[in-house]
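Dock chain B with the ligand against chain A, hints included.
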Amino acid sequence: MSRYRIPGKGRVDHGAPVSFTFDAKIYAGLRGDTVASALLANGVHLMGRSFKYHRPRGAVTAGSEEPNALIGTSRGKGRFEPNTRATVQELRAGLVAESQNKWPSLSFDLGAINDRAYMLFSAGFYYKTFMWPKSFWDKVYEPVIRGAAGLGKSPTEPDPDHYASRYLHTDVLIVGAGPAGIAAAMAAAQSGADVTLVDENPEMGGSLLSDPAVQIDGKSAWDWIDAQLGRLRAAGVRLMTRTTAIGYYHQNMVGLCQRLTDHLDSPPKGAPRERLWRVRARQVVLAQGALEKPLVFDGNDRPGVMLAGAAQTYLHKYGVRVGDTPAVVTSHDSAYHAAFDLADNGARVAAIIDTRDEVRPDLLDGARSRGIEVLAGHTVTTTTGRLRVKSVRAAAVRGGTVGGGRTVPCDCLLMCGGWTPSLHLFSHTRGSLVWDGGGQTFLPDRKTEEVEIAGAGRGLWGYDPVLADGAAAGLRALEGLGRVGHPAGFHVTNDRPGTGTSHAELPTDGNPGKARAFVDFQNDVTAKDIRLAVREGMRSIEHVKRYTTNGMATDQGKMSNINGLMIAADALGKAPPQVGLTTFRPPYTPTSFGAFCGYLRGETFQPTRKTPIDPWAEANGAVFEPVAQWLRAWYFPKPGEDMHEAVLRECKATRASLGIFDASTLGKIEVAGPDAVEFMNRLYTNPWTKLQPGRCRYGLLLGEDGFIRDDGVIGRLSPDLFHVTTTTGGAARVLTMMEDYLQTEWPDLDVWLTSTTEQWATVALNGPNALRMLQPLVQGVDWNDFPHMSCADCTVAGLPARLFRLSFTGEIGFEVNVPARHGLTLWTALMEAGRPYDICPYGTETMHVLRAEKGYIIVGQDTDGTVTPADAGLDWAIGKAKADFVGKRSLSRPDIVAKGRKQLVGLLTEDGSLLQEGAQIVLDPDQQTPMKMVGHVTSSYHSTMGHPIAMAVIEGGFDRMGETVFVPMPDGVRKAKITSTVFYDPDNTRLKA
Amino acid sequence: MLLIHCPYCDDTLPELEFTYAGEAHIARPADPSALSDAEWRDFLFIRTNARGPHYERWRHVGCGRFFNALRDTVSDRFLMTYKAGEARPDLNNPTLTREAAE
Ligand SMILES: [Zn+2]
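Chains as they are written, first to last, in the numbering used here: chain A, 43 to 1035; chain B, 3 to 104.
Just so you know, these hints were derived from the structure itself, not from any lab. Possibly wrong hints are sitting among the right ones.
What the hints assert, rightly or not - Cross-link-like lysine to aspartate or glutamate pairs, in silico, DMTMM-like; alpha carbons within 25 Å at most:
| id | chain 1 | residue 1 | chain 2 | residue 2 |
| --- | --- | --- | --- | --- |
| 1 | B | K85 | A | D782 |
| 2 | A | K732 | B | D33 |
| 3 | B | K85 | A | D790 |
| 4 | A | K930 | B | E41 |
| 5 | A | K944 | A | E874 |
| 6 | A | K694 | A | E959 |
| 7 | A | K930 | A | E712 |
| 8 | A | K930 | B | E25 |
| 9 | A | K941 | B | D44 |
| 10 | A | K941 | B | E19 |
| 11 | B | K85 | A | D792 |
| 12 | A | K924 | B | D74 |
| 13 | A | K922 | B | E41 |
| 14 | A | K924 | B | D44 |
| 15 | A | K489 | B | E17 |
| 16 | A | K924 | A | D790 |
| 17 | A | K930 | B | D44 |
| 18 | A | K119 | A | D203 |
| 19 | B | K85 | A | E997 |
| 20 | A | K941 | B | D39 |
| 21 | A | K922 | B | D39 |
| 22 | A | K489 | A | D537 |
| 23 | A | K489 | B | D78 |
| 24 | B | K85 | A | E781 |
| 25 | A | K924 | B | D39 |
| 26 | B | K85 | A | E746 |
| 27 | A | K652 | B | E19 |
| 28 | A | K924 | B | E41 |
| 29 | B | K85 | A | E787 |
| 30 | A | K930 | B | D33 |
| 31 | A | K489 | B | D74 |
| 32 | A | K944 | B | D39 |
| 33 | A | K922 | B | D33 |
| 34 | A | K930 | B | E17 |
| 35 | A | K1017 | A | D917 |
One chain only, chain A, in its complex shape (with noise of 0.2 Å):
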């Protein structure tokens, strides 16, 4: 048995030991404890060392509100979390933890030289600090800085676990399972509406759990608590523990992180470690209870110094006694239920210093009874103890003026400055909070959501209020549902009723300067800090927050919040209320990435779109590239082959003879109705009205600022249909843009817009012998009439079809349309037919370098959101003789017709190497730096023309034809002439072959 344990008490279960190691020391502990609560029954407080001062440091809290006993935890590879907090984390056999921010050890801390120089890191250090000389920066701030400071360390494997999320509809989503939650619970459920109830904890019953002695309705609590938490079962209600309400967002949707497995020794298999539920509820009960507030003074953060109620809840739910000798300093008469119950269960209480003059008769005799003395009226001046509090100096406070102290030794110090609501979820919703005078804290006032907030949360103290007013919220939402219940009372007795006073720091004889009093743990932010804040100009709490990191922990707060306004107000000489409160944002409690991710990782991030033809590229060696949510085949490599060999072998081959491509996943769109032509003329640069149904025509589509947003060649079917083909990337944004415009600005027009990517399979075919190889397989087409540019309904290969004859490569081209499920049947069948011909199967890769060898453009690639036609040197596909299209204005915009816009041209380097896209330009390379860029390098490639060919957006690049540019690359700077982008067949002699 652990040295701190008391047989037979609490909810842990005696005759189940738990064995798990602490900085590779092998400990005892018990099913049902936590990592914290083992480590108390052993007699260890030290648990870590803090983030800037590397202070040793404890655990505070027995809650999710911890900020100092963060441990990283490990369950194996990839298994390792860090910030983990001990007073959360559930012992499980096995569990491997270590503390955090030591070097070499625990107990001695290099680091903590920190805490000797902690002048240098006063409030706003590290925006002083940025001030010095430039040098110090590289060569002492940050290795020293970032050696010293952080939180932890990151984990550095991909995470190994699977995390699931979920959906929720309920009626009535109570948050919080303490008597108050309870208490709406029971009442919201007696009518049949779908409750759900939800708690942070392994188990419910919040702070009754602690304080076993109450008796409600003549159970005790823990009694009381089984007998209604199976009535809530039976009542069918859905009771969700380890579950944290993270978020609370419009409308009612509440964000639950539920953990599933970090408790067991032996996850099942396949399991997923938690569980994101998004839930939606018609009425929410907020009964979060409230926090309690440290008490700021001199060595508050000594391992040993803890909250008065955490003391009770070791002592209650885990049967540790956190010390033998107790000494207890409050404002709070909750503190002496703490102290009671621990002289009761063995410990002999050393004093409670009470900072307050009058105490309540009863708490005085319960004290004397004990035999413990009470230190009315005193303040705490300080505390000893290097890695464990030894003693506590207390000293009477007269009239403002504190009187001489005296040392009293203790093995631990439990504080109470009082309690705060929990308000963060009610603070999400960005309702407004009133400041209570009397209680000295933030009470919730205006809603903004169809939200009850019940119980503590909402300033109420002792049991029978608390229940009577749980009752009374589950009873409104249930009003708010349209539904009657009927109230329900509840008999009360031990109950441990208080009230307490609120201080800024306690007030000392000692050199405030000097006193390390904390006020955020975590960010180890002390009283000082924020008095020179105020000091040194700072108004607001949302910039003394900022300028002294107040707050700004991964425990948003929870502790420090108003600890700090209480200070802040002090030391402007304000009312609270007038200094302002910080927002709480989401999430409640830090949560792991891998819950925010849920399914959204790996295969399943994002559907990945299959084209019909994809199987044969997987069988024949395909390597793939996404593009847009498209892999697809991005060259075939040969045994031997690496890509740019592959590449130039396809490209070749396409050139001399017959290459084939699946373009199955251009975007297309067809545009049909008598108004089709209209609708045309007035979206695409170009015109159509003369087009010729057989004919197909490029064209170009800018957004009404005038630039290029898509493109694609576009065939007339008919008169009433247009077969639209859009960029791969653009089909999903061209078909919105089309819709936006037919249902808002024209909907006088008769257009239907479908879109039909999916539902064709698009097989390119290019090279000189594409006509040849094509032609027998044809049927319904009359080749005297089929120039270049021409479209038809037929069938190939006795597959129905729609024929386009146009070029991507610069020679004979076809784009073979069949229906989708004929795709893979139409690639086989012109495999076939073109073995005589050597057909070659290319990529992406491929069709990307012949494009670019006869210049024409990606959109999106060469093209970047501020590029005109005229700018890519496509004014030719504008329809200068109508009077309007999207954009057409713009193109008169003075600054798009200003001298000096870049413009697309061609690039070769002098030396033949290759440019990186991305890379910018310079016309002197000699210039004093910053340099000034004139444009960049937008496409790059090998090419079958023996050197590499490149296009680049370049100021004024039109009228600089055969200028030397330069281009700055990792390995130094080329020089690289200016040509026409167009690199092959600029007669389009091969294209009428």
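Frame of chain A; chain B with the ligand shown alone:
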């Protein structure tokens, strides 16, 4: 996540099904060539940037329809949605302002 009422589907559905499409009631000029550069600039780029009730366009991806909404940019709350082409609702309408104030 907001719940949005699609006036075409007549159904209230999660925000995930919708995309924002800019400020509403900015009609494309009938004859852009008649506009001065400054007028065309205003049509292209100048927006109300309202603090409070804001007329805006949304698209329901589910049914593909664009519609209009009056939404409070302070609370994010949708005050109402209505079909494209319908008149701009009156901000002085007491039921709207009451909702906006809530
Ligand atoms: Zn709809």
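Each hint tested on the structure:
The hinted pair formed by K85/B and D782/A meets the criterion: a straight-line CA distance of about 13 Å does not exceed 25 Å. Annotation: proposed proximity of K732/A to D33/B holds, straight-line Cα distance about 23 Å (limit 25 Å). Taking the CA atoms of K85/B and D790/A, the gap is near 15 Å; set against the 25 Å cutoff, the hint holds. Note on K930/A and E41/B: the hinted pairing holds, with a Cα-Cα distance of about 15 Å set against a maximum of 25 Å.
With a C-alpha separation of about 47 Å, the suggested pairing of K944/A with E874/A is violated against the 25 Å cut-off. Simply put, K694/A and E959/A have alpha-carbon atoms about 23 Å apart, close enough for the 25 Å limit, and the pair holds. In summary, the hint linking K930/A to E712/A is supported, as the alpha carbons are separated by about 24 Å, within the 25 Å threshold. Distance restraint check for K930/A and E25/B: the Cα-Cα separation of roughly 22 Å lies within the 25 Å cut-off, and the hinted pair is therefore satisfied.
Of the pairs offered as hints, the one joining K941/A and D44/B holds, with about 23 Å between alpha carbons and a cut-off of 25 Å not exceeded. A hinted pair counts as satisfied when its Cα atoms are at most 25 Å apart, and K941/A with E19/B does not qualify at roughly 44 Å. Taking the CA atoms of K85/B and D792/A, the gap is about 19 Å. The hint holds against a cut of 25 Å. Taking the CA atoms of K924/A and D74/B, the gap is about 41 Å. The hint is violated against a cut of 25 Å.
A hinted pair counts as satisfied when its Cα atoms are at most 25 Å apart, and K922/A with E41/B qualifies at roughly 22 Å. Using a Cα cut-off of 25 Å, the hinted pair K924/A and D44/B holds, with the two alpha carbons roughly 23 Å apart. A C-alpha spacing of about 22 Å is found between K489/A and E17/B, which places the hinted pair at or below 25 Å, so the restraint holds. With a CA separation close to 20 Å, the supplied pair K924/A and D790/A stays within the 25 Å bound.
This hinted pair checks out: K930/A and D44/B have alpha carbons roughly 16 Å apart, not beyond 25 Å. At roughly 11 Å between alpha-carbon atoms, K119/A and D203/A fall within 25 Å of each other, so this suggested pair holds. In summary, the hint linking K85/B to E997/A is not supported, as the alpha carbons are separated by about 45 Å, beyond the 25 Å threshold. Simply put, K941/A and D39/B have alpha-carbon atoms about 18 Å apart, close enough for the 25 Å limit, and the pair holds.
Restraint check for K922/A and D39/B: satisfied, since their Cα atoms lie roughly 19 Å apart, inside the 25 Å limit. Of the supplied pair hints, the one linking K489/A and D537/A is violated, its CA atoms being roughly 31 Å apart against a limit of 25 Å. Distance check on the hinted pair: K489/A and D78/B sit about 15 Å apart at the alpha-carbon level, within 25 Å; holds. For the hint pairing K85/B with E781/A, the CA-to-CA distance comes to about 15 Å; that is within 25 Å, so the pair holds.
Restraint check: the Cα-Cα separation between K924/A and D39/B comes to about 19 Å, which is no more than 25 Å; the hinted pair holds. As the CA atoms of K85/B and E746/A are separated by approximately 23 Å, the hinted pair is consistent with the 25 Å bound. Simply put, K652/A and E19/B have alpha-carbon atoms about 24 Å apart, close enough for the 25 Å limit, and the pair holds. For the suggested pair K924/A and E41/B, the alpha carbons sit about 21 Å apart, so the restraint of at most 25 Å is met.
For the hint pairing K85/B with E787/A, the CA-to-CA distance comes to about 13 Å; that is within 25 Å, so the pair holds. In summary, the hint linking K930/A to D33/B is supported, as the alpha carbons are separated by about 11 Å, within the 25 Å threshold. Distance check on the hinted pair: K489/A and D74/B sit about 16 Å apart at the alpha-carbon level, within 25 Å; holds. Straight-line distance between C-alpha atoms of K944/A and D39/B comes to about 22 Å, which keeps the hinted pair within the 25 Å bound.
At most 25 Å may separate the alpha-carbon atoms for a hinted pair to count; K922/A and D33/B meet this at roughly 16 Å. For a cut-off of 25 Å, the pair hint linking K930/A to E17/B is broken: about 34 Å separates their Cα positions. The straight-line distance between the Cα atoms of K1017/A and D917/A is roughly 29 Å, outside the 25 Å bound, and the hint therefore fails.
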